[in-house]
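There are 2 protein chains.
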Amino acid sequence: MTKKIITISRAFGSGGRTIGKAVAERLGIPCYDKELVDKVAEESGFHADFIEEAGEYAPVTNSFLFNIAVSSNPMAMMHSMSMADQLFVCQTNVIRKLADEGPCVIIGRCADYILRDRKDCLHVFIHSDMEHRAARIVEKYGQTKQTPKKRLTDKDNKRRVYYKHYTNRNWGESQNYHLSLNSGLIGIDKCVDIIVDVAKLVEE
Amino acid sequence: MTKKIITISRAFGSGGRTIGKAVAERLGIPCYDKELVDKVAEESGFHADFIEEAGEYAPVTNSFLFNIAVSSNPMAMMHSMSMADQLFVCQTNVIRKLADEGPCVIIGRCADYILRDRKDCLHVFIHSDMEHRAARIVEKYGQTKQTPKKRLTDKDNKRRVYYKHYTNRNWGESQNYHLSLNSGLIGIDKCVDIIVDVAKLVEE
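These protein sequence lines map, in sequence, to chains G and A.
Following the working numbering, the numbering of the first sequence begins with 59 at its first residue and continues without gaps.
Following the working numbering, the numbering of the second sequence begins with 59 at its first residue and continues without gaps.
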């Protein structure tokens, strides 16, 4: 079975986004990351900042983001579903539509779960050890009051809770992916090589 | 850091053992699988059949195996630890000794956990989908009264419980391995290629 859609799930700071973009470039197919957020924003009426945060992490408790969401889509409060649930439904629809449109790479947002019944997907999980991830987030996003380790642990926990809540699966469980790679050990470039190689192999 | 020791953890029927042996052959290093069982038997006095079963699955409830164990090592009953615990301690010692002796491939037996603090290990997890695994176990071990799916589910559950009990980790969690591969999709030969490739890469 040809694998046309590649989903890249990743731990924060593991370089999964960079890897996904490079894979898409090498295969000459679109990569949906920020573009996915924009499409969800367009479809849902939610603000992109709200989607960016609440679309992958635990249900919103941040009042700033809550206010952004409400101001951008006041009708959401009237709906019987929570805003987080509405966002998940909207993300699901957008991801399914993108997959129907043709070959692409989709970064994060439970796409591995949302597209689990399609036979034409290659599901990849990128992770890394704390040391490499800490160095990477400081390099990319700078220092904050919190230590890099605390930032990573918080993000991991939130993502684990969010993923479990919406999929009833354990985040990062090997069996849910065709390939799981430690980018700290293997290196970003080699991860890209392996994914492209496997994607081409299963196309034959 | 050079990775000299390769641990291969695997789901039953995923071809992990075959992959491990082929990797060892390609790298010209020993592969410990049955040989590990023999060494543990020698060191512990337990019967190989008992070690084979109880050294990777949930603590023994099978009276036949229990009897084999007792008859092969009656003193074990006098010991304050359960036989399963004694076996785990013995396996731990043998695995650590083998790793100290030089480059090798070690199949299963929580070697990924036992050697977690060594920096010279490449930890690999091999799994596959139910369909490929079912076909493989029927081909290798024949049919039994139970359906292949039931046999696989039982084995998975026992291994999950055993692994959790002795490591306090979740079996198959990507973050505990450098590489996790679905052998059903990727194919046995390509899995071997990827592992050898990464092992050589991190040697440089």
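Quick caveat, the hints were computed from the structure, so don't treat them as lab data.
None of the values given here were measured: they were computed from a predicted structure.
Heads up, the beta-carbon is just placed ideally off N, CA and C, and yes, glycines get one too.
Among the hints, erroneous ones may be present.
Estimated spans, in silico, between C-beta atoms of each pair [claimed, not checked]:
1. Lys-79/A with Gln-201/G: 33 to 39 Å
2. Pro-88/G with Asn-151/A: 51 to 57 Å
3. Pro-88/G with Lys-79/A: 39 to 45 Å
4. His-223/G with Lys-207/A: 45 to 51 Å
Structure-based check of each hint:
no.	hint	in the structure
1	Lys-79/A with Gln-201/G: 33 to 39 Å	violated, 48 Å
2	Pro-88/G with Asn-151/A: 51 to 57 Å	holds, 53 Å
3	Pro-88/G with Lys-79/A: 39 to 45 Å	holds, 41 Å
4	His-223/G with Lys-207/A: 45 to 51 Å	violated, 28 Å
Comparing the model with each numbered hint stated earlier shows that hints 1 and 4 do not hold.
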